[in-house]
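In case you want the letters, here they are:
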Amino acid sequence: MKNLVGHLRSIWGHYKGRTRKPRSFMEIFRHFKEVLASNNRALEIITDMGEKLSGDYLFDINYVKSSYSELSSAVSGSIEIFEYLTQNKYPKLKDVFNRIDKQITMLTYDIVSTSGEMVIFYDDITWDMAHNVGGKNANLAELKYYLKLNVPAAFAITTNAFDKFIKHNRLDQKIEALSGENAEIGPRLNELQDSIVGSEFPPDLDAAIKAAAAKIKTLCGENCFLAIRSSAEEEDSEFSFAGQFETYLNVPAEELQIKEAYKHVVASLFSIKAFAYLNQFGYDIRKFKMATACVAMVDAVSSGVIYSSDPAGDRDTLIINAAWGLGESVVEGQTDADFYLIKKDSNPQIIDMRPGRKEYMVINLAGGGTEKVKTPEEMINSPCLTTEQVIELTKEAVSIEKHFRKPQDIEWAVNKDGNVFILQARPLRIQENTKSGVKPLTLPPDLNKVLMKNSGTVVQKGIGAGRVYILKHMDELDNFPKGSILVSKYDSSGFVRVMPYVSAIITDIGTPTSHMASLCREFKVPSVVGTGNATQVLKHGQEITLNADDGNISVYDGIIKELLESTDMNTSKIENIYEYRKKKYVLRYISPLNLIDPLLEEFTSERCKTMHDVLRFMHEKSVMELVDMARYGSGMLHDHGAVKLDLPIPAGIIVIDTGGGLSIEAGSDKATFEQITSVPFKSLVKGMLYPGVWHSDAVALRTGDFLSSMMRMTDITSDSSSLVSYNVAVVSGEYVNLSLRFGYHFNMIDSFCSDNPKNNHIFFRFTGGATDITKRSRRIQLLADVLKEYGFNINIKGDLIIARLANITKEDMEEVLDQAGRLIAYTRQLDALLHDDSTVERYARKFINGDYEL
Amino acid sequence: MDSYRIMVIDDEKIVGDMAKMSLEQEGYIVETFLNAEPALARLKEENFNVVVTDLKMKGIDGMEVLRTVKKLYPNTRVIMITAFANLDAAIEALRDDVHDFFPKPVKIKELKASIQRALSNK
Numbered sequence: 000m001k002n003l004v005g006h007l008r009s010i011w012g013h014y015k016g017r018t019r020k021p022r023s024f025m026e027i028f029r030h031f032k033e034v035l036a037s038n039n040r041a042l043e044i045i046t047d048m049g050e051k052l053s054g055d056y057l058f059d060i061n062y063v064k065s066s067y068s069e070l071s072s073a074v075s076g077s078i079e080i081f082e083y084l085t086q087n088k089y090p091k092l093k094d095v096f097n098r099i100d101k102q103i104t105m106l107t108y109d110i111v112s113t114s115g116e117m118v119i120f121y122d123d124i125t126w127d128m129a130h131n132v133g134g135k136n137a138n139l140a141e142l143k144y145y146l147k148l149n150v151p152a153a154f155a156i157t158t159n160a161f162d163k164f165i166k167h168n169r170l171d172q173k174i175e176a177l178s179g180e181n182a183e184i185g186p187r188l189n190e191l192q193d194s195i196v197g198s199e200f201p202p203d204l205d206a207a208i209k210a211a212a213a214k215i216k217t218l219c220g221e222n223c224f225l226a227i228r229s230s231a232e233e234e235d236s237e238f239s240f241a242g243q244f245e246t247y248l249n250v251p252a253e254e255l256q257i258k259e260a261y262k263h264v265v266a267s268l269f270s271i272k273a274f275a276y277l278n279q280f281g282y283d284i285r286k287f288k289m290a291t292a293c294v295a296m297v298d299a300v301s302s303g304v305i306y307s308s309d310p311a312g313d314r315d316t317l318i319i320n321a322a323w324g325l326g327e328s329v330v331e332g333q334t335d336a337d338f339y340l341i342k343k344d345s346n347p348q349i350i351d352m353r354p355g356r357k358e359y360m361v362i363n364l365a366g367g368g369t370e371k372v373k374t375p376e377e378m379i380n381s382p383c384l385t386t387e388q389v390i391e392l393t394k395e396a397v398s399i400e401k402h403f404r405k406p407q408d409i410e411w412a413v414n415k416d417g418n419v420f421i422l423q424a425r426p427l428r429i430q431e432n433t434k435s436g437v438k439p440l441t442l443p444p445d446l447n448k449v450l451m452k453n454s455g456t457v458v459q460k461g462i463g464a465g466r467v468y469i470l471k472h473m474d475e476l477d478n479f480p481k482g483s484i485l486v487s488k489y490d491s492s493g494f495v496r497v498m499p500y501v502s503a504i505i506t507d508i509g510t511p512t513s514h515m516a517s518l519c520r521e522f523k524v525p526s527v528v529g530t531g532n533a534t535q536v537l538k539h540g541q542e543i544t545l546n547a548d549d550g551n552i553s554v555y556d557g558i559i560k561e562l563l564e565s566t567d568m569n570t571s572k573i574e575n576i577y578e579y580r581k582k583k584y585v586l587r588y589i590s591p592l593n594l595i596d597p598l599l600e601e602f603t604s605e606r607c608k609t610m611h612d613v614l615r616f617m618h619e620k621s622v623m624e625l626v627d628m629a630r631y632g633s634g635m636l637h638d639h640g641a642v643k644l645d646l647p648i649p650a651g652i653i654v655i656d657t658g659g660g661l662s663i664e665a666g667s668d669k670a671t672f673e674q675i676t677s678v679p680f681k682s683l684v685k686g687m688l689y690p691g692v693w694h695s696d697a698v699a700l701r702t703g704d705f706l707s708s709m710m711r712m713t714d715i716t717s718d719s720s721s722l723v724s725y726n727v728a729v730v731s732g733e734y735v736n737l738s739l740r741f742g743y744h745f746n747m748i749d750s751f752c753s754d755n756p757k758n759n760h761i762f763f764r765f766t767g768g769a770t771d772i773t774k775r776s777r778r779i780q781l782l783a784d785v786l787k788e789y790g791f792n793i794n795i796k797g798d799l800i801i802a803r804l805a806n807i808t809k810e811d812m813e814e815v816l817d818q819a820g821r822l823i824a825y826t827r828q829l830d831a832l833l834h835d836d837s838t839v840e841r842y843a844r845k846f847i848n849g850d851y852e853l
Numbered sequence: 000m001d002s003y004r005i006m007v008i009d010d011e012k013i014v015g016d017m018a019k020m021s022l023e024q025e026g027y028i029v030e031t032f033l034n035a036e037p038a039l040a041r042l043k044e045e046n047f048n049v050v051v052t053d054l055k056m057k058g059i060d061g062m063e064v065l066r067t068v069k070k071l072y073p074n075t076r077v078i079m080i081t082a083f084a085n086l087d088a089a090i091e092a093l094r095d096d097v098h099d100f101f102p103k104p105v106k107i108k109e110l111k112a113s114i115q116r117a118l119s120n121k
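The listed protein sequences derive, respectively, from chains A and B.
Numbers 0 to 853, taken from numbering that gives the first Met the number 0, label the letters of the first sequence in order.
Numbers 0 to 121, taken from numbering that gives the first Met the number 0, label the letters of the second sequence in order.
Everything labelled a hint here was simulated from the structure, so no lab data went into it.
You may find that some hints are simply not true.
[Unchecked claim] For lysine-lysine, the following DSBU-like pairs were computed, each having C-alpha atoms within a straight-line distance of at most 30 Å:
#1 A:Lys401 / A:Lys93
#2 B:Lys19 / A:Lys796
#3 B:Lys111 / A:Lys523
#4 B:Lys19 / A:Lys51
#5 B:Lys57 / A:Lys64
#6 B:Lys108 / A:Lys51
#7 A:Lys64 / B:Lys108
#8 A:Lys581 / B:Lys12
#9 B:Lys69 / B:Lys43
#10 A:Lys51 / B:Lys12
#11 B:Lys111 / A:Lys51
#12 A:Lys286 / B:Lys19
#13 A:Lys787 / B:Lys106
#14 B:Lys108 / A:Lys796
#15 B:Lys108 / B:Lys12
#16 B:Lys55 / A:Lys51
#17 A:Lys93 / A:Lys51
#18 A:Lys796 / B:Lys111
#19 B:Lys12 / A:Lys523
#20 A:Lys101 / B:Lys12
#21 B:Lys19 / A:Lys523
#22 A:Lys523 / B:Lys106
#23 B:Lys12 / A:Lys288
#24 A:Lys64 / B:Lys106
#25 A:Lys32 / A:Lys101
#26 B:Lys108 / A:Lys523
#27 B:Lys111 / A:Lys64
#28 A:Lys288 / B:Lys19
#29 B:Lys43 / A:Lys51
#30 A:Lys581 / B:Lys108
#31 B:Lys106 / A:Lys405
#32 B:Lys57 / A:Lys581
#33 B:Lys55 / A:Lys286
[Unchecked claim] Far from chain B by the CB rule (all over 10 Å, computed), these chain A residues:
#34 Leu57
#35 Asn149
#36 His167
#37 Gln172
#38 Thr385
#39 Pro480
Since the structure is predicted, the reported quantities are computational estimates derived from the model, not experimental observations.
Glycine included, every Cβ here is placed at the ideal spot set by N, Cα and C.
All chains, full assembly: derive it from the sequences and hints.
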């Protein structure tokens, strides 16, 4: 409600003192239609690209280039008309478009930006700099800027700096000479790493780092220390790279020390372990660029990891792992941690808390660096977070998850003053329950000896069988036999080297939030951590079968074929193809919709991050322009007779009559149904008024349904006393263009209805939806089922339905428009009811039979 | 039973990569090539049941691949894919007994179905 009031004020603000060039309504209306037409074209291209790049099609770069060029010209054309329409009310939109366009063009044509700074502080990082600063920096800066979360002072050393550093030391040829042959690569990588560590800095990078060190001290004091870690391009976005690269903690914020750490972080890109990881996911190490994050250290009393959605459970619970000191012990799985399971709610509740035995902790050393020390006896078993801190962490995690719209893997720390800091956020890889996945299979327990039962935590579901390989030392990984099961006391991200061919991983100690856990999910390696005693129960060389399922972990003696056959062993997926991911990456700047609620302050041109946002923004503001014209435009209102339609239902429609559409007295600001003389409009409204189709009573909504907020909003906006309406009908005697906005749905009906069937058309367009995608497509399906019945040509693209009907007689038109009016009214609240596919058919059938009960 | 062998020739790596992954899921043995010369050389060493080739490529193009295969390996079926909806080329290819002709982007399901038809026609 507060938002609405603010919104109204801002509308009023627009009109106070604003002078406009007088324009004819016909002109405005023409521009409006042009904007919509090119927007529609653009949306069709976006939908097509989403489909063709979904993994179901073989496509090449020509397709991406030609589709995008079409899209780009449709959007820029639309912007031009939009600027006319709104008389440049949104001057920043064009800049925003250009920025997005530049990003996409660079990606499509493989252009690497060479200009730009070498060091950027977080306050100056914007969303489109991911290329320059890497995923980790970009995500953190975004949290600081948009969510105002407590992120320590920090700066990024960019990929440009990386390029210059490499070139300055003539390492580019050495890197270029690396190829995918695994056998001979080891010595060459080692040599390269040595060269990097012994490298000189180019003078300008030198100066930039020096300046950054001075500046960060002004932000966090003379005695400032930094965490210096990698921030590679795709890192923390598509792939986690969890624990692949070096991190240096508690580095003094001095030029020399920063440079030293920087060299080591860069060198870690060329470690054997990182090389194996990159190879596995198809990255070309020769083209890989690494930015670096330099984040002020938090003198952490406690720290840990949050999974904003429980990977093994419901999306409505969240996990926090916490340990004393710095978080390294948790993420590397080196110590037991406190475990919290929390119900995400407006009032979060701790469902389960298990204090861990935190024998070790990592602390900052006064002069720099860190140390793993024994935890003081009295602290070992005591929880390291207060309930208030748990709740605060939960709330922050939920807001981060909401912001990125994906479950998140978050690193946090609490300092001596009890302040919570966010140190990292990246998408959490959660296994989807695929139908082809693990079939439930119960074996007679007496047939196979159960070695271990329900000890530990499942990291990655699945079944793995093979010989036990008990790892005592990391060096032994070199000789790890393919297909074995890795059993180890601790977990380690170093296991990544064997992940492509390990059958399963079982550890004594470890948490499901460690780097290794992320990697296991990425590689889909069935794995269980924290079993306590696997290294003792299982014997080196013994054949076993691990069955890790939800809440059911069993380790059987021997290899159980039946179990193995129940899994779909082919887990390779299109997503693992680098070329595919790289090309699909452009969609990130095209399809996602970030501007959702026009009533929120965030609904501004500056917040547009994608082409879809730009289109949504223009659509909304174009409709508003018409609405504004009608309601507030000084002479315009009377000249064009914009009036409110007074109906017994709260449809909130404003009518602009361009001639012959209404029969009202001059100067009147209202029209009744009887006064409509526009033939197509009258039929539509007649349908909407048909007894029983407009359900005013709220449909029962499921908790958490996005729709609930939408429906409330609809009620407000359609309130006859409200100043805001999104529903505009532009009419003439033979024409109607009705733009309806119910919550997040846009519905447009454009119809010309005359005595000459050749000229007649009905164009029905419906898009939008805040509910989940399946319900959205169900509503689309319902509309399609019904419209088909009346002879419409239907075109469905994802979330969009376009239906056309033409060349029919006036009498038939009137009948169909009446039905369309009923359909609009009927389906208005239907989303919440469409729980499954069978209901779609049922409601469609009911509607066609004239039964409008919900 | 031995697995069927499929060859994919396309000058863009992504096409070969995606085709390989998708077709291997069906149990085929798949080899990919970025241009036709080494592909034709490989055909001399190994029998392939189906060749999926791009039409427009530098050097030897898809048309030439089709003719060579038809002449030297009459049992091998050829499926043509092309970025350009080129009717003339399609007609020409049909005349040369191409098994199928798809404009890109091509739905992987349809490609799989076409390969199955090619194999069962033997």
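Status of each hint after checking the structure:
Distance check on the hinted pair: Lys401 of chain A and Lys93 of chain A sit about 28 Å apart at the alpha-carbon level, within 30 Å; holds. Proposed proximity of Lys19 of chain B and Lys796 of chain A is supported: the alpha carbons are some 28 Å apart, at most 30 Å. Between the alpha carbons of Lys111 of chain B and Lys523 of chain A the distance comes to roughly 26 Å, so the proposed pair stays at or under 30 Å and holds. For the suggested pair Lys19 of chain B and Lys51 of chain A, the alpha carbons sit about 18 Å apart, so the restraint of at most 30 Å is met.
For the suggested pair Lys57 of chain B and Lys64 of chain A, the alpha carbons sit about 19 Å apart, so the restraint of at most 30 Å is met. For the proposed pair Lys108 of chain B and Lys51 of chain A, the alpha carbon gap of about 13 Å is at most 30 Å, so the pair holds. Distance restraint check for Lys64 of chain A and Lys108 of chain B: the Cα-Cα separation of roughly 24 Å lies within the 30 Å cut-off, and the hinted pair is therefore satisfied. With a C-alpha separation of about 12 Å, the suggested pair Lys581 of chain A and Lys12 of chain B falls inside the 30 Å cut-off, and the hint holds.
A C-alpha spacing of about 13 Å is found between Lys69 of chain B and Lys43 of chain B, which places the hinted pair at or below 30 Å, so the restraint holds. The hinted pair formed by Lys51 of chain A and Lys12 of chain B meets the criterion: a straight-line CA distance of about 17 Å does not exceed 30 Å. Note on Lys111 of chain B and Lys51 of chain A: the hinted pairing holds, with a Cα-Cα distance of about 16 Å set against a maximum of 30 Å. For the given pair, Lys286 of chain A sits about 23 Å from Lys19 of chain B by alpha-carbon distance, which is consistent with the 30 Å threshold.
Taken as a hint, the Lys787 of chain A and Lys106 of chain B pair is honoured in the structure, with Cα atoms around 26 Å apart against an allowance of 30 Å. A distance of roughly 19 Å separates the Cα atoms of Lys108 of chain B and Lys796 of chain A; the hinted pair therefore holds under the 30 Å criterion. Distance restraint check for Lys108 of chain B and Lys12 of chain B: the Cα-Cα separation of roughly 20 Å lies within the 30 Å cut-off, and the hinted pair is therefore satisfied. The straight-line distance between the Cα atoms of Lys55 of chain B and Lys51 of chain A is roughly 20 Å, inside the 30 Å bound, and the hint therefore holds.
Among the hinted pairs, Lys93 of chain A with Lys51 of chain A is consistent with the structure: their alpha-carbon atoms are about 28 Å apart, no more than 30 Å. For the proposed pair Lys796 of chain A and Lys111 of chain B, the alpha carbon gap of about 24 Å is at most 30 Å, so the pair holds. As the CA atoms of Lys12 of chain B and Lys523 of chain A are separated by approximately 25 Å, the hinted pair is consistent with the 30 Å bound. With a CA separation close to 25 Å, the supplied pair Lys101 of chain A and Lys12 of chain B stays within the 30 Å bound.
Proximity of Lys19 of chain B to Lys523 of chain A is assessed by CA-CA distance (about 20 Å); at most 30 Å being required, the pair is judged to hold. At roughly 27 Å between alpha-carbon atoms, Lys523 of chain A and Lys106 of chain B fall within 30 Å of each other, so this suggested pair holds. Using a Cα cut-off of 30 Å, the hinted pair Lys12 of chain B and Lys288 of chain A holds, with the two alpha carbons roughly 21 Å apart. Distance hint between Lys64 of chain A and Lys106 of chain B is fulfilled; the C-alpha atoms sit about 19 Å from each other, no more than 30 Å.
Only pairs whose Cα atoms come within 30 Å are accepted, and Lys32 of chain A paired with Lys101 of chain A is accepted, the gap being roughly 28 Å. The straight-line distance between the Cα atoms of Lys108 of chain B and Lys523 of chain A is roughly 25 Å, inside the 30 Å bound, and the hint therefore holds. The suggested pairing of Lys111 of chain B with Lys64 of chain A holds, with an alpha-carbon distance near 26 Å, which does not exceed 30 Å. Note on Lys288 of chain A and Lys19 of chain B: the hinted pairing holds, with a Cα-Cα distance of about 28 Å set against a maximum of 30 Å.
Our distance criterion of 30 Å between C-alpha atoms is broken by Lys43 of chain B and Lys51 of chain A, whose separation comes to about 35 Å. As the CA atoms of Lys581 of chain A and Lys108 of chain B are separated by approximately 22 Å, the hinted pair is consistent with the 30 Å bound. Proposed proximity of Lys106 of chain B and Lys405 of chain A is supported: the alpha carbons are some 29 Å apart, at most 30 Å. At most 30 Å may separate the alpha-carbon atoms for a hinted pair to count; Lys57 of chain B and Lys581 of chain A meet this at roughly 24 Å.
Restraint check for Lys55 of chain B and Lys286 of chain A: the C-alpha separation of about 27 Å stays at or below 30 Å, so the hint holds. The Cβ of Leu57 of chain A does not lie farther than 10 Å from every Cβ of chain B; its closest approach is about 5 Å, which violates its non-interface assignment. Every Cβ of chain B is farther than 10 Å from the Cβ of Asn149 of chain A; the closest lies at roughly 42 Å, confirming the non-interface assignment. No Cβ of chain B comes within 10 Å of the Cβ of His167 of chain A; the nearest lies about 31 Å off, and the non-interface call holds.
With 10 Å as the threshold on Cβ separation, the claim that Gln172 of chain A sits away from chain B holds: the shortest Cβ distance comes to roughly 23 Å. With a least beta-carbon separation of about 50 Å from chain B, Thr385 of chain A lies farther than 10 Å from that chain, consistent with its non-interface assignment. Look at Pro480 of chain A: its CB is around 25 Å from the nearest CB on chain B, clear of 10 Å, so calling it non-interface holds up.
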